[in-house]
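Trainee: Each residue of the sequence shown is one higher than the one before, starting from 1 at the first, in full-length UniProt numbering.
Because the hints were derived from the structure by calculation, they are not lab data. There could be a bad hint or two in this list.
To be verified - The calculated lysine to aspartate or glutamate pairs, modelled on EDC-like cross-linking and capped at a C-alpha distance of 20 Å, are: (1) LYS122 x GLU109; (2) LYS101 x ASP115; (3) LYS147 x ASP130; (4) LYS122 x ASP164; (5) LYS101 x ASP129.
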Amino acid sequence: MEEPARLNDARVMRALAHPIRLRIIALLSEIGPASVSALAGHTGESTASVSYHLSQLARFGLVEEAVEARTGRERPWRAVHRGLSWDWNDGDHGLRAAYLKERLRVVDEFVAAEDALTPEWKTAAFFLDDVGHLTTAELAEVSDRIKALLAGYRRPDPADRPADAQRVVFFAYGLPHER
1 MEEPARLNDA RVMRALAHPI RLRIIALLSE IGPASVSALA GHTGESTASV
51 SYHLSQLARF GLVEEAVEAR TGRERPWRAV HRGLSWDWND GDHGLRAAYL
101 KERLRVVDEF VAAEDALTPE WKTAAFFLDD VGHLTTAELA EVSDRIKALL
151 AGYRRPDPAD RPADAQRVVF FAYGLPHER
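With the sequences and hints as input, model every part of the structure.
Mentor: Here's what the structure looks like:
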């Protein structure tokens, strides 16, 4: 799987401005090839809805059929890229809103389920809010360093993961902000 898709086409950004499409891309990037029925189970959507959204993602080259993983009548799909990346200022407003809504959904799910976590996982989980004074070059460096650090923990192959590893979602931002 290639590095994150670098979005610079307004049509593609508008096509992605849907929470289910963003969730499908995230799932396929994480779990690898999956059938429409498996994706429907993960998203809570109908198979017809997932199938439609996959066709829209395929139209823009973001997903493709995983022909080699086909078994019987199941047609698995895979993400062409590992995630998405775009220049925030060039992004479609609908994509921005859908993306932020999806990130907040993940936080809401964590809050709803945190009582089921072990004390160790509760201690390890974190929210980070900090402020620095950076140049544009320094902010770009911070972004690159965070991406490089997290790359070592992706472990897409389950055989490479420690037995007690759990899926952990990271969301970070670095935005210039006036008081």
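Trainee: Does each hint hold? Answer for all of them.
Mentor: Right, here's what the structure says about each hint:
For the proposed pair LYS122 and GLU109, the alpha carbon gap of about 14 Å is at most 20 Å, so the pair holds. Among the hinted pairs, LYS101 with ASP115 is inconsistent with the structure: their alpha-carbon atoms are about 23 Å apart, more than 20 Å. With a CA separation close to 18 Å, the supplied pair LYS147 and ASP130 stays within the 20 Å bound. For the hint pairing LYS122 with ASP164, the CA-to-CA distance comes to about 14 Å; that is within 20 Å, so the pair holds.
Proposed proximity of LYS101 and ASP129 is supported: the alpha carbons are some 19 Å apart, at most 20 Å.
The structure fails to meet hint 2 from the earlier list, while all remaining hints are met.
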